[in-house]
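Colleague: Quick note, the sequences are listed as chains P and G, same order.
Going by the working numbering, 111 is the number at position 111 of the first sequence; the sequence numbering is gapless.
Going by the working numbering, 260 is the number at position 2 of the second sequence; the sequence numbering is gapless.
Because the hints were derived from the structure by calculation, they are not lab data.
Take the hints with a grain of salt, since some may be wrong.
What the hints assert, rightly or not - Simulated DEER-style distance windows between Cβ atoms:
#: 1; chain 1: P; residue 1: F14; chain 2: G; residue 2: H271; range: 29 to 35 angstroms
#: 2; chain 1: G; residue 1: G503; chain 2: P; residue 2: L39; range: 39 to 45 angstroms
#: 3; chain 1: G; residue 1: P333; chain 2: P; residue 2: L170; range: 53 to 59 angstroms
#: 4; chain 1: P; residue 1: A230; chain 2: G; residue 2: H502; range: 39 to 45 angstroms
#: 5; chain 1: G; residue 1: H273; chain 2: P; residue 2: G19; range: 18 to 24 angstroms
Quick reminder that beta carbons are idealized off the backbone N, C-alpha and C, glycines included.
For reference, the chains in residue letters:
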Amino acid sequence: MGFLAATGRAFLVFLEATGKLALFTGIALYHCVRPPFYLRQIGRQMIDIGYYSLPVVGLTALFTGMVLALQSYSGFSRFQAEGAIATVVALSVTRELGPVLGGLMVAGRIGAAMAAEIGTMRVTEQIDALSTLSTNPFKYLVAPRLLAGLTMLPLLVLVADIIGVFGGFLVGVYRLDFNPSSYINRTWEFLEPIDVISGLVKAAVFGFVVALMGCYHGYHSKGGAQGVGAATTNAVVSASILILVWNYLITGIFFSTK
Amino acid sequence: MTQVPKIALKGVHKHFGPKTVLNGIDLEVGRGESLVVIGGSGTGKSVMLKCILGLLTPDSGSIRVDGEETTRLRPREREKLLHKFGMLFQGAALFDSLKVWENVAFGLIQGAHMPRPQAKEIALAKLAAVGLGPEVGELSPAELSGGMQKRVGLARAIADEPEIIFFDEPTTGLDPIMADVINELIVKCVKDLGATAVTITHDMASARKIADRIAMIYQGRIIWTGHAKDIDDSGNPFVDQFVHGKAEGPIKMQVRAL
Chain P
1 MGFLAATGRA FLVFLEATGK LALFTGIALY HCVRPPFYLR QIGRQMIDIG YYSLPVVGLT
61 ALFTGMVLAL QSYSGFSRFQ AEGAIATVVA LSVTRELGPV LGGLMVAGRI GAAMAAEIGT
121 MRVTEQIDAL STLSTNPFKY LVAPRLLAGL TMLPLLVLVA DIIGVFGGFL VGVYRLDFNP
181 SSYINRTWEF LEPIDVISGL VKAAVFGFVV ALMGCYHGYH SKGGAQGVGA ATTNAVVSAS
241 ILILVWNYLI TGIFFSTK
Chain G
259 MTQVPKIALK GVHKHFGPKT VLNGIDLEVG RGESLVVIGG SGTGKSVMLK CILGLLTPDS
319 GSIRVDGEET TRLRPREREK LLHKFGMLFQ GAALFDSLKV WENVAFGLIQ GAHMPRPQAK
379 EIALAKLAAV GLGPEVGELS PAELSGGMQK RVGLARAIAD EPEIIFFDEP TTGLDPIMAD
439 VINELIVKCV KDLGATAVTI THDMASARKI ADRIAMIYQG RIIWTGHAKD IDDSGNPFVD
499 QFVHGKAEGP IKMQVRAL
């Protein structure tokens, strides 16, 4: 009986958390589309997410592209398929690794910062202060972050795609002695718009998820420094897991031909 | 009192989980009156203020502001109502991402949609009213001492010229001289605005200075109200014990958590 009770309790806690998150998301989305809009806040968040994440995401993409070229060379040379390397790099980066690794890096950088900032505002009563100054915290804090995440991550991933392919090109040409122009031709040959578009759709979803988790856990944090720390951890972990789950679901929607 | 009281609470209950915090609060605050609510830590003082502001929703009971029931207001109506209120938070709750003058002007810019240059002028005037020069306006809140933060919080609370001002433990954490400076500022600001003020505190020196009337809260109920000058011969053993700060008496401090 004890086991059943524990299972039931855990299930109820899960349902409660899901409902709370759904409600939070609903209210936040409502405030994303209803004026007034805090353009200054939206701009600030866009710069924070889009511009200041460039070095991290760019470096991630560069080394991912480089290691992909190196790995596929050592694997493909076993059955004389070295010619496919450029294609493999381009497809892997645009479809999968650009958005997923970019999303995970942003989750660590932005999701954590959002949870810590909003969490600190919660425990120091700054969120209550917003309300007493007739400013809706959802509109002022949450909506700008969600909008910035949704719009900026696709742009970041587009840049990451280019840098990642360039990383593969560098290794292919300077380390593996491919002909530069034939490497570029090979890159374009099998790349279709849907490969890039699916990656950008993923990026938009991941950006939204990262911002949502950062805001949600920050907003509901309590109990001083420890609470803010827990909120930060939860934001990063939940965003990372949700990115991987959504990655599978979106891939299924775009590419399940059977 | 023949006129409608500015704020009237009737039978307000609030509990968090199994813990009852407000157990039937009945309280009236007259127009232009300065009421100080005294009581020990954890007796529900802050929760009462947050219920009036609508940051927390009471479980039952009625809260009227200018005779209008406020417990079931919709968010938009609530935002409108909050224009009447200003609040000085215990930790000042300044927005640390904004400069000092932007903090003071926040309600004017975001809440009342005033142009920034005009709002800045008013903000600097309000800073001057609490004894801070214009150079302080360009600092960030983290660069200020505790007493200065309280002053900025006070300037922010009065910037929009509210009809009702709440002070949450305005002198906690300040040295006696700075505490007296803040007390005098509060008295002056409230008088200049002709506002209704509710202060919660456990600092008796502060209560004597600010109050027209004093109410004592204990175990989630108002157990005594009277004029400030009657506080020393209230004839109520609970009030006597609190005013004279004695460990012996009818109030048993809960030293250990349950």
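Colleague: For every hint, state whether the structure bears it out.
Modeller: Tested hints:
1. Checked against the hint of 29 to 35 angstroms, the pair P:F14 and G:H271 passes, with Cβ atoms roughly 30 angstroms apart.
2. The hint said 39 to 45 angstroms for the Cβ distance between G:G503 and P:L39, and at roughly 52 angstroms that hint is violated.
3. Between G:P333 and P:L170 the Cβ separation comes to about 54 angstroms, which falls inside the hinted range of 53 to 59 angstroms.
4. Our hint of 39 to 45 angstroms for P:A230 and G:H502 holds, since their Cβ atoms are close to 42 angstroms apart.
5. Restraint check, G:H273 to P:G19: a C-beta distance of roughly 21 angstroms satisfies the suggested window 18 to 24 angstroms.
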